[in-house]
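Chains as they are written, first to last, in the working numbering: chain A, 1 to 350; chain B, 1 to 350; chain C, 1 to 350; chain D, 1 to 350.
By construction, these hints were calculated from the structure, which means they are not laboratory data.
Check the hints yourself; a few may be wrong.
For chains that are exact copies, the list does not tell them apart, and a pair is met inside one copy or across any two.
[Stated by the list, open to error] Within a straight-line C-alpha distance of at most 30 Å, the following computed DSSO-like cross-link-like pairs (lysine-lysine) qualify:
id: 1; residue 1: Lys49; residue 2: Lys146
id: 2; residue 1: Lys88; residue 2: Lys33
id: 3; residue 1: Lys146; residue 2: Lys196
id: 4; residue 1: Lys316; residue 2: Lys196
id: 5; residue 1: Lys49; residue 2: Lys347
4 protein chains.
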Amino acid sequence: MAGNSFGTLFRVTTWGESHGQGLGAVIDGCPPKIALSEADIQQMLDRRKPGSAKTGTARKEADQAKILSGVFEGQTTGAPIAVMIENKNVDSSAYQPYADLYRPGHGDYTYDAKYGIRDWRGGGRASARETAARVAAGAVAAALLKRENIHVTAYTRALGGIVCNGFDSAAIEQNMFCAPDMAAARKMEERVDAVKQAGDSLGGIVEVLAQGLPVGLGEPVFDKLDAELARALMSIGAVKGVEIGEGFAAAGMTGSAHNDPLAPEGFASNNAGGILAGISTGQDLVARAAIKPIPSIAIEQQTVDRSRHARSISVKGRHDVSAIPRVNVVCEAMACLVIADQLLRQKAIC
Amino acid sequence: MAGNSFGTLFRVTTWGESHGQGLGAVIDGCPPKIALSEADIQQMLDRRKPGSAKTGTARKEADQAKILSGVFEGQTTGAPIAVMIENKNVDSSAYQPYADLYRPGHGDYTYDAKYGIRDWRGGGRASARETAARVAAGAVAAALLKRENIHVTAYTRALGGIVCNGFDSAAIEQNMFCAPDMAAARKMEERVDAVKQAGDSLGGIVEVLAQGLPVGLGEPVFDKLDAELARALMSIGAVKGVEIGEGFAAAGMTGSAHNDPLAPEGFASNNAGGILAGISTGQDLVARAAIKPIPSIAIEQQTVDRSRHARSISVKGRHDVSAIPRVNVVCEAMACLVIADQLLRQKAIC
Amino acid sequence: MAGNSFGTLFRVTTWGESHGQGLGAVIDGCPPKIALSEADIQQMLDRRKPGSAKTGTARKEADQAKILSGVFEGQTTGAPIAVMIENKNVDSSAYQPYADLYRPGHGDYTYDAKYGIRDWRGGGRASARETAARVAAGAVAAALLKRENIHVTAYTRALGGIVCNGFDSAAIEQNMFCAPDMAAARKMEERVDAVKQAGDSLGGIVEVLAQGLPVGLGEPVFDKLDAELARALMSIGAVKGVEIGEGFAAAGMTGSAHNDPLAPEGFASNNAGGILAGISTGQDLVARAAIKPIPSIAIEQQTVDRSRHARSISVKGRHDVSAIPRVNVVCEAMACLVIADQLLRQKAIC
Amino acid sequence: MAGNSFGTLFRVTTWGESHGQGLGAVIDGCPPKIALSEADIQQMLDRRKPGSAKTGTARKEADQAKILSGVFEGQTTGAPIAVMIENKNVDSSAYQPYADLYRPGHGDYTYDAKYGIRDWRGGGRASARETAARVAAGAVAAALLKRENIHVTAYTRALGGIVCNGFDSAAIEQNMFCAPDMAAARKMEERVDAVKQAGDSLGGIVEVLAQGLPVGLGEPVFDKLDAELARALMSIGAVKGVEIGEGFAAAGMTGSAHNDPLAPEGFASNNAGGILAGISTGQDLVARAAIKPIPSIAIEQQTVDRSRHARSISVKGRHDVSAIPRVNVVCEAMACLVIADQLLRQKAIC
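Bound-form chain A, shown alone (with noise of 0.2 Å):
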């Protein structure tokens, strides 16, 4: 159990380098009876492909998600469901340059240290890629959310430090940068254009919400939904910080403000983000994620390579400007494996 495993009924083990064979999710756990197809995973899958939008790079990824096992005439069996994303045209030529050297804001030092070999093809296990099979894992979450009335979305609503007013839906399929926010998003895209000239990245902020969660979800002490939540965020390699409801403006509130009051037709308020004690209230979930800029950037920087020599980098080739809004879907992925995993555990017990 070294990290690659994630929900305690519900649960997912991922395994695959960038420049291998390939991805996969194996999803155990999963009830019976429940209607899914490959095009189900597809449609999510095809929501991280790159160049859809001016952050992402121009290159043409086609994933495509098979499944191996545990769906028998449409249905879940109650097996495990394989899940496997064949890697095609892989050339790890432009990454033999890094076999020796770390790229700074990677995990290139850190991997060499901890194990001793790495895989550097493609960044191996420690690349971007890897999300490709929580998104297919997560497809299969959403699935059996779908049953129970449950609806899991991300979008941006932060990019460059241009951040979104309010919340429009419907601009969100709108803009390339998946903002609820239309004139937000014009100013990222003067934003993004700058930086990428620059050879520099970007960083931005993604928001989840689940939407139809029954009130009862979420496990004290250790496993509140809230924790299991930021576990499931923070353990994307681009995010640095994860926050329900308020977050860290609660941090400067005062209990009068923050308190969400009840009332006979519900809760007045939602500072709290959809969960109390770490059990969910019936209400909206809202949680947001920091993510950083992309560490792979075409400005020159100092670092050394394995015999701990100074070098100078320059990462060349397609990168994208910034993990979002790519990320995006697979943020959502997570939040959708850490609720059908909560709601699994609550049936067992109530």
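Assemble chains B, C and D onto chain A, guided by the hints.
Same frame as chain A, but now just chains B, C and D:
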């Protein structure tokens, strides 16, 4: 496994309610021959004691930790270490009004909905008192880390909107808020006085600093060191956000500003907070937790009772104005648990 | 996680040494609103008490179970249930000779080799006294099973080579060996008397019978109901073999003799012992455990001390002639834990 | 976590159905820098191949193991190792009659009851073919054990009631039943011929021998080395009993006969089978598994269909007469997994 255990190899299980027989922790997986005494645990537990700061209550809880197993002649034996803290002088009568009334910002409503039964005495299992068991367990982890020359500490980064500038380690023990900035501490005192007067409460930010970590701790993909820390900190009832290194600020930075360059003598900066690709870099590990304001306030709020009738509530009695600084040692304890666990996991494979 | 926890959803963690402060169990994952009292636990624990049978010692252990958490107004709350049994009147002086001397058939040598430190008082963690915590936990599981109309019992199938014929359930409580065959019980008495006289000890076979199981419990592939039972029973120190249904006899049968035919009214036989492909059939579940003879005997044996010098040893004091029938309720408790866990796991998916 | 994973640190997750796309195993937690090739896995997998013994079918399954991840330049990297075995030339038509008919002794009835849906093609997930993934995973464990000079082997102790005398290791590869006794092997051949002629099947006993184990492996209390072995072996579909050392025979022995005396040069005997108090003694580890007769037989049996109507059934087609000796390598693989896991767990604490 209903969420009361934490860790993979260094694994803690806690139990106990605020007004039951007591609270306890069972630590399974602690290596043998670690020096450990009740005084080691007591010392850490005393830092959670109320009354030491203006934010705390005047109440005197004389929490005494007792080691029930797993230690022989001053050393751990490899057997599970059970620690118990007896509840003394418990009087639940002050909580009788809340037996059927949901306190806003507390888990009363969600616990009732989840379990259909609720031990309302002192908040039951959802009480912040639960964290005493975490601190006891964290003290055992700290004893292990001490052998490895790893040192973890937590202090106040912000309180009631007042943010500390810089880091004056000497200051931490010189002000009642455990703030590393004496000037900020003085402003905090004024803020706390005013809010206490108003019958309201405050939140803040705790910073955790771990020093002496070797490079290589953390298990990709899902059990990254930062992911485990995020879960650990977010599992504390009062925490609404967690960030590592530059955290949410990273979302607004460019790659060239955020990346930490490497030099022959080590990293040139530490924006990453000591973690790259989920694995410790050997630098200082820096994490922050956003603490929400204490939900129990004297100011009148709207709520409902179990029958969903509208009611108003004013939570009287001795309540802290802020979880800070009592929660600091809880954050520290959780970080110790995470690091101890990852240390053993790394030993297993290398 | 050093092996002191058991179960996936209905999860027990035990702690304690023979001559320490006491023994305990924390049960995490018990559903809420199960009726549970200390008397329920005490009743099962009393069956482990010595002195009730000729095989047992004359010693009087007054084991008293105390519930420390997780129960409110006579019902479980969903919070972890901590149970403690205090060690009373402990005198370790009789064990002083074995502080540096390895008793054959005991874990003295292996514990020393594994941990480099050993709590030799009363056998420490390796004492059979450890099983008291299992019985306490099993009683909680039994309370859950009772709600589901599942009933588990254990009795003696063989002792000292004398095997019971048939199954006379009334006989079990009418003889001191808990044998379902009065004639066999009489022969066992003679055998025990003779062996006790010789300063030797005896083994035997315990049979566990679970009735009322629904069809469908058990998780293929690795967590089959029989696999979990095998682990559960084999984890009892005295057990050297486990079999289900016809067990080892099945190895000598043909398929036509072993297969249980199905008829519209149900299975026509039960050679499988109530489990097919790791899943309960809804028939009686039958498992047997082989119990080795008590290793502490008065007869002189050859051994070594910690310095590997040859020594001879004669273990004096009040020792049972056989673990049977005291171990029966331990087997029963372990079976209860397995079934309770599988029951919750099945509820989670169906 | 529906039972398709095994192990705590060296953790295997398997997937796949008999007539689906294939079978696979993901091994998470294998230390880095272990030499591993597809040939290592293939060699072990080939021993599971049918047709090598009279008990097996004439069918030719060309199972080819393919490593999909976790190995780089001939060595493990610490990343999860995915192994896949494609299903080739699958024709499910022979199983069509059993889509609605429950084969006695198989999991058809229990799977249907548990999940409400069943992939009947080739037995689906409940097929013995599932064990191919175990063997692939076991081969990875064996590669790790090789580095530690631990060697595990499995052979036939009994078949169809004919029990081997003594242990002639050379004989194992000289007879088609992998029996360490040539005389017994000859009798087995006669027995198999007769039973095959009658359209019936046979069971037997497999013995697993592990040599080179260090003293100290095994985690008390619940994860004892023997408990884990019992679970591991009993989780194989055909196994109905497991014993360690003298096993069930120990139940009839006295303490003076069963205890293994210690001498300065080591233990004087090995009745315990290499395990004391759940921890390896450093001696040979000896375990046995009782294998039930193959349930698929040509002889007509009574059964029911999904609508509970009485039916008769005669399972035609190429079926093995006995799981022995094909199941031997499966037992060996499971033992390798258990030992590898306990080895890493011991490294973590010592």
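Hint check results:
1. With identical chains, the CA atoms of Lys49 and Lys146 are at most 30 Å apart within one copy only, with a shortest distance of 23 Å there and 43 Å across copies.
2. Taking identical chains as interchangeable, the C-alpha atoms of Lys88 and Lys33 lie at most 30 Å apart only when they sit on different chains, with a minimum of 27 Å there against 32 Å within one chain.
3. For the identical chains of this complex, Lys146 and Lys196 are neighbours neither inside a copy (39 Å) nor across copies (47 Å), given an alpha-carbon limit of 30 Å.
4. In this assembly of identical chains, Lys316 and Lys196 lie within 30 Å of each other by CA distance solely inside one copy; the values are 12 Å within and 57 Å between copies.
5. Proximity of Lys49 and Lys347 under a CA criterion of 30 Å is satisfied in neither setting, with 35 Å inside one chain copy and 38 Å between copies.
Violated hints for the displayed structure, listed by number in ascending order: 3, 5.
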